[in-house]
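Work out the full structure: start from the sequences and follow the hints.
If you read the sequences in order, they're chains S and W. Everything in the first sequence is counted per the numbering used here, starting at 1 for the first residue and increasing by one. Everything in the second sequence is counted per the numbering used here, starting at 1001 for the first residue and increasing by one.
The hints are simulated quantities; they were obtained by calculation from the structure and are not laboratory data. Computed from a prediction, not measured in an experiment: that's the story for all the values here. A couple of the hints might just be wrong.
With beta-carbon atoms standing in for the labels, derived distance ranges [to be verified]: (1) W:Asn-1053 to S:Ile-12: 38 to 48 Å; (2) W:Gly-1041 to S:Asn-70: 21 to 31 Å; (3) W:Arg-1061 to S:Lys-42: 20 to 30 Å; (4) S:Lys-20 to W:Pro-1008: 32 to 42 Å; (5) W:Ser-1110 to S:Ser-54: 46 to 56 Å; (6) S:Ser-5 to W:Asn-1067: 33 to 43 Å; (7) W:Gln-1045 to S:Glu-52: 22 to 32 Å; (8) W:Glu-1083 to S:Pro-86: 26 to 36 Å; (9) W:Asn-1067 to S:Thr-17: 44 to 54 Å; (10) S:Glu-59 to W:Ser-1108: 27 to 37 Å; (11) S:Arg-10 to W:Glu-1083: 16 to 26 Å; (12) S:Arg-10 to W:Gln-1045: 15 to 25 Å.
Straight-line C-alpha distance at most 25 Å; calculated DSS-like pairs for lysine-lysine [what the hints assert, rightly or not]: (13) W:Lys-1058 to W:Lys-1068; (14) W:Lys-1042 to S:Lys-14; (15) W:Lys-1103 to S:Lys-14; (16) W:Lys-1057 to W:Lys-1022; (17) W:Lys-1071 to S:Lys-42; (18) S:Lys-66 to S:Lys-42; (19) W:Lys-1068 to W:Lys-1103; (20) W:Lys-1057 to W:Lys-1103; (21) S:Lys-41 to W:Lys-1058; (22) W:Lys-1042 to S:Lys-20; (23) S:Lys-66 to S:Lys-14; (24) S:Lys-64 to S:Lys-14; (25) W:Lys-1057 to W:Lys-1037; (26) W:Lys-1042 to S:Lys-42; (27) W:Lys-1042 to S:Lys-41; (28) S:Lys-42 to S:Lys-64; (29) S:Lys-41 to W:Lys-1103; (30) S:Lys-42 to W:Lys-1037; (31) S:Lys-64 to S:Lys-20; (32) S:Lys-41 to W:Lys-1057; (33) W:Lys-1022 to W:Lys-1068; (34) S:Lys-20 to S:Lys-42; (35) W:Lys-1058 to W:Lys-1037; (36) W:Lys-1058 to W:Lys-1022; (37) W:Lys-1022 to S:Lys-42.
Glycine included, every Cβ here is placed at the ideal spot set by N, Cα and C.
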Amino acid sequence: GAVVSQHPSRVICKSGTSVKIECRSLDFQATTMFWYRQFPKKSLMLMATSNEGSKATYEQGVEKDKFLINHASLTLSTLTVTSAHPEDSSFYICSARGGTNTGELFFGEGSRLTVL
Amino acid sequence: GENVEQHPSTLSVQEGDSAVIKCTYSDSASNYFPWYKQELGKGPQLIIDIRSNVGEKKDQRIAVTLNKTAKHFSLHITETQPEDSAVYFCAANPAGTALIFGKGTTLSVSS
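Encoded structure:
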């Protein structure tokens, strides 16, 4: 299946700093990518839909100034957690639709963010 | 919007037994229903999916059934093995939107 790469897999930062997470589709072009957040032993909650060349669409309750999403190319979307606080600590997962098979979604390996 | 309910939240079986996880969805426009397996510290991996024009799909020990009228779909794992132990998520995809996930089922297979 299609491959989605996410980096970094783990990051620890101090409170107040910003952290950038990258999501790349390695063998296909993705006009749309999705960012999910997952708390321990919980389900995946959709944060935002990232569209190449346009602004991201955020889900209700997700602060767009807090979680900056940039989808600058057909193979790369980035999520920047700005002025991170301990409550932002979580597992962030990106996904993208693979190839021409509408609906089928492939996930990155996730990024574990710990804010001290 | 779409709402996906998943049961049970935890499931323990003996190696070799079958495991069944059930999900219901609310939006009749949903037309794609994937199942994901997630191991600790990793991203979800697609294991099987089914589209609304099909009632059943099988891939070796894994099968998925879909009842559009009742708006429910199920994952069936036969001859379970310890390596099947993981968290399983069902999801539904209202046309053209992101996947909406169930809350997950923690499957434990003991040998």
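- Task: Verify the proposed pairing of Lys-42 (chain S) with Lys-64 (chain S), using a straight-line Cα cut of 25 Å.
- Result: holds, 22 Å
- Is the hinted pair Lys-1042 (chain W) and Lys-41 (chain S) satisfied, with a Cα-Cα distance of at most 25 Å? Holds, because 12 Å separates the two Cα atoms, which is no more than 25 Å.
- Item | Whether the CB-CB distance between Glu-59 (chain S) and Ser-1108 (chain W) falls inside 27 to 37 Å | holds, 32 Å
- Lys-1057 (chain W) and Lys-1037 (chain W): Cα distance at most 25 Å? Holds. Lys-1057 (chain W) to Lys-1037 (chain W) sits at ~17 Å (cutoff 25 Å).
- Query: Given the hint that Lys-1058 (chain W) pairs with Lys-1037 (chain W), does the C-alpha gap stay at or below 25 Å?
  - Reply: holds, 16 Å
- Hint says 38 to 48 Å; check whether the CB-CB distance for Asn-1053 (chain W) and Ile-12 (chain S) agrees. holds, 47 Å
- Message: Given the hinted pair Lys-66 (chain S) and Lys-14 (chain S), is their Cα-Cα distance within 25 Å?
- Response: holds, 16 Å
- Message: Hint check: Lys-20 (chain S) vs Lys-42 (chain S), CA-CA at most 25 Å. Holds or violated?
- Response: Holds: Lys-20 (chain S) and Lys-42 (chain S) sit about 23 Å apart, inside 25 Å.
- Message: Need the status of pair Lys-66 (chain S), Lys-42 (chain S): alpha-carbon distance at most 25 Å?
- Response: holds, 22 Å
- Message: Given the hint of 46 to 56 Å, is the C-beta distance from Ser-1110 (chain W) to Ser-54 (chain S) inside that range or not?
- Response: Holds: the Cβ-Cβ distance is about 50 Å, inside 46 to 56 Å.
- Has the hinted range 22 to 32 Å been met by the Cβ atoms of Gln-1045 (chain W) and Glu-52 (chain S)? holds, 25 Å
- Message: Would the hint linking Lys-1022 (chain W) and Lys-42 (chain S) be met if the CA-CA limit is 25 Å?
- Response: holds, 17 Å
Checked against the numbered hints above, the structure violates hints 15, 21 and 32; every other hint is satisfied.
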